[in-house]
Amino acid sequence: MIEWTKAALLELQEYLRLVAATSRALVTRPYYFRDIVEQFQAIGLGSMTVVLLTGTFTGMVLALQSGITLDQFGARSMVGRLVSASMVKELGPVLTALMVTGRVGSGIAAELGSMMVTDQISALRALGTDPIRKLVLPRVLAGVIMVPVLTIIADAIGMVGAWIIALTQLKVASSVFWNSVVLGLFIQDVWMGLIKPFFLGFAIVTIACHVGLRTTGGTQGVGRATTNAVVAASVVVLGVDFLLTKLLFVLMY
Amino acid sequence: MLFRNVRPTVTERSPQLEEALGPGSPIVVFDKVCLAFDDKVILDEVSFTLIKGHTKIFLGASGAGKSTILKLILGLLKPDSGVIWVNGERIEDMTEEEMMRVRMDLGMVFQEGALFDSLTVRENVGYKLWEEMKQPLDQVNQRVEEVLGFIGLADFIDRMPSELSGGQRRRVAIARAMAAKPRILLYDEPTTGLDPITSITVDEEIIKLRDLEEISSIVVTHQLRDAFYVSDHEAVKTPRGIEFVKAGDDKRAEAEFLMLNNGKVHFEGTSDELKASTDPYLRSFLS
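Chains as they are written, first to last, in the working numbering: chain G, 1 to 253; chain H, 254 to 540.
Calculated from the structure, these hints are not laboratory results. Relax, there's no trap hidden among the hints.
In the EDC-like style, the derived pairs of lysine to aspartate or glutamate whose C-alpha atoms are separated by at most 20 Å in a straight line are:
hint	chain 1	residue 1	chain 2	residue 2
1	G	LYS134	G	GLU14
2	G	LYS134	H	GLU351
3	G	LYS134	H	GLU349
4	H	LYS387	G	ASP35
5	H	LYS517	H	ASP532
6	H	LYS324	G	ASP119
7	H	LYS285	H	GLU521
8	G	LYS6	H	ASP291
9	H	LYS499	H	GLU457
10	H	LYS517	H	GLU298
11	G	LYS134	H	GLU385
12	G	LYS6	H	ASP292
13	H	LYS504	H	GLU457
14	H	LYS461	H	ASP358
15	H	LYS504	H	GLU466
16	G	LYS134	H	GLU350
17	H	LYS331	G	GLU14
18	H	LYS331	G	ASP119
19	H	LYS324	H	ASP291
20	H	LYS324	H	GLU298
21	H	LYS324	H	GLU342
22	G	LYS134	H	ASP370
23	H	LYS528	H	ASP502
24	G	LYS134	H	GLU376
Here are the simulated distance ranges between beta carbons:
hint	chain 1	residue 1	chain 2	residue 2	range
25	G	LEU53	H	GLU398	44 to 50 Å
26	G	LEU12	H	GLU298	34 to 40 Å
27	G	SER23	H	GLY402	40 to 46 Å
28	G	ARG24	H	GLY522	42 to 48 Å
29	H	ALA529	G	THR227	53 to 59 Å
30	G	GLN220	H	GLU351	31 to 37 Å
31	G	GLY221	H	ASP333	23 to 29 Å
32	H	LEU465	G	THR219	37 to 43 Å
33	H	GLY402	G	ALA8	49 to 55 Å
34	G	ILE2	H	GLU526	48 to 54 Å
Far from chain G, some chain H residues (derived; all Cβ distances over 10 Å):
hint	residue
35	ILE280
36	ASP292
37	ASP411
38	THR451
39	PHE481
40	LYS490
Positions of the beta carbon are idealized from the N, C-alpha and C atoms, including for glycine.
Make a model of the complete structure from these sequences and hints.
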C-alpha cells in the first residue's frame with residue numbers, strides 16, 4: 001500500500017512538472033508553428049467524423065427515448081427542450097471528450113511512447129530541441145482549442161439528429177421542436193457547455209503526453225502506455241466533469 | 254519576462270578560452286563521476302580526459318555503464334557527484350535550457366540510429382540546421398547533400414527511414430550528427446547488429462570524420478573488431494579518393510581504450526597496451 005501511494009505521488013509530481021514545463025513553454029520562445037498547425041489539423045479535423053457520428057446518434061437516441069417518456073405525461077412537444085438542455089450542458093462536452101480520448105489520447109500516447117522507446121526523444125534533445133516545446137505544447141494548444149470547437153459541432157449536429165427523429169418518428173412539427181429547443185436553454189447552460197470542454201481538452205492531452213513520455217519497456221510498454229492513457233483520461237474526464245458541474249452550479253446559477 | 258527567446262546558440266568564447274581549447278587541449282573531462290540508480294551503482298568514481306581531435310573507445314560488458322557516460326556528456330542524465338567538463342564548460346549542474354547551448358556543439362549517433370520515422374532522410378539530416386539553427390533552406394539543402402555525399406548515401410536523400418537497411422540507417426544517423434559541424438561526436442554502439450561488411454563501412458565513416466574533419470570522438474562498443482579497426486586505421490586523401498591505411502604510431506596513440514568493469518575504470522591505454530595486457534579480465538574479454 002505504501003509502495004502504491006509512493007508510486008501514485010511520484011506520478012502526480014511528474015504530471016505537475018510536465019504541466020509547469022508546458023506553461024513555461026507557452027510564454028517563452030521558440031515556438032514550433034508548423035507543429036502547432038499540424039496538431040490543430042490532426043486533433044481538430046481528424047476527430048470531426050467520429051464527433052459528427054457520435055453527436056448525431058446521441059441526439060437521435062435521446063429524442064427517441066425522451067419522446068416515449070414524455071408521451072406518458074402528454075408532453076411530447078417538449079422533446080426539443082429536454083434534448084437541448086441535455087446535449088449542451090452534459091452529453092455534448094462529455095461524449096466529445098470521451099471520443100477525443102479514444103482517438104487522440106491513444107494516438108498521442110502511442111506516438112510519444114514509440115519515440116521514447118526508440119530513443120527519438122533523446123535524439124531530439126541531443127539535437128538541441130526541447131520535446132515539451134516541439135511535441136507537448138502544440139498538442140496541448142490543439143486540445144484546449146479544438147475540443148470546445150468539436151463540442152459545439154457535436155451539440156449542433158445532435159440537435160439536428162433529434163429534430164429528424166422528432167419530425168419523422170414523434171411527429172412533432174419543426175417549429176414546435178426548435179421553439180422548444182430555444183426555450184429549454186438558458187445562457188448559464190450555454191456557458192457551462194462552453195467552459196467545460198476547455199478543461200476536458202487540457203486534461204486529455206496532458207495526461208496522454210505524460211503517459212507517452214514516461215513509456216519504458218519496448219513495444220509491450222507502448223501498448224501498456226496507450227491503454228493507461230485512455231483509461232486514466234476517461235476516468236479524469238468524468239471526474240473533472242462532475243467537479244466542474246458542481247463548481248459552475250455554485251458560481252453561475 | 255514574457256516571450257523571451259531561449260533558442261540555443263553556440264557559445265561565443267573569449268580568445269583566451271579558444272586558445273586553451275586548441276589542439277592538444279582536453280575537450281571532455283570526467284573527474285570522479287559517480288552515478289547510481291536506486292541501489293545499483295552504474296559509475297563509481299570514473300575519471301578520464303578526451304583530448305581534442307583524439308578518439309576514446311569505451312569497452313565493457315552490457316550494463317557496464319558505457320552508454321550512461323554518453324548520456325552524461327549530453328546532459329540527458331545528471332551525475333550524483335563528480336565534475337564533467339565539455340568544451341570548456343562545467344555541465345553537471347546546468348539546467349536543461351543551458352544544456353541546449355552545450356548540445357549545439359555535440360553530435361550523437363544513437364543505437365539503431367534513432368532517426369525520426371515521420372521525416373525523410375533529407376529532413377532528418379537537415380533537422381538541426383533548419384529547426385534549431387534557422388539556416389536558409391537552400392543552405393540547409395546544400396549541407397545535407399554534402400554530408401550525404403560524404404557518407405555515400407546521396408541517392409537516398411528522399412527515402413523514408415523505414416526504406417533503409419540497418420547499416421544505411423546508422424550512416425544517416427552519422428550524417429545527421431555531423432551536419433551541424435559539431436566539435437565532438439558520440440557514437441553509441443554504432444555497429445551492433447550489423448554484418449561485418451556493413452560494420453566496416455560505418456567504422457570508416459568514424460575514421461573519416463576523425464581524420465579529415467578533425468572531430469573528437471567517443472565510441473562506445475563491445476565489438477572488439479570494430480574498436481581495433483577504428484584505432485588502427487587512418488583515412489588519407491589520395492588522387493584516387495579517400496583511402497584507409499594502417500595508422501602510424503602517432504595516430505594509433507591518439508585512439509585510447511577505456512574498459513569499464515562494475516562501474517569502475519578497469520583499464521585505460523592504447524590498442525597496443527590493451528593487446529599486450531596480461532590482466533585476466535581483459536584477456537577473457539579479448540579472447
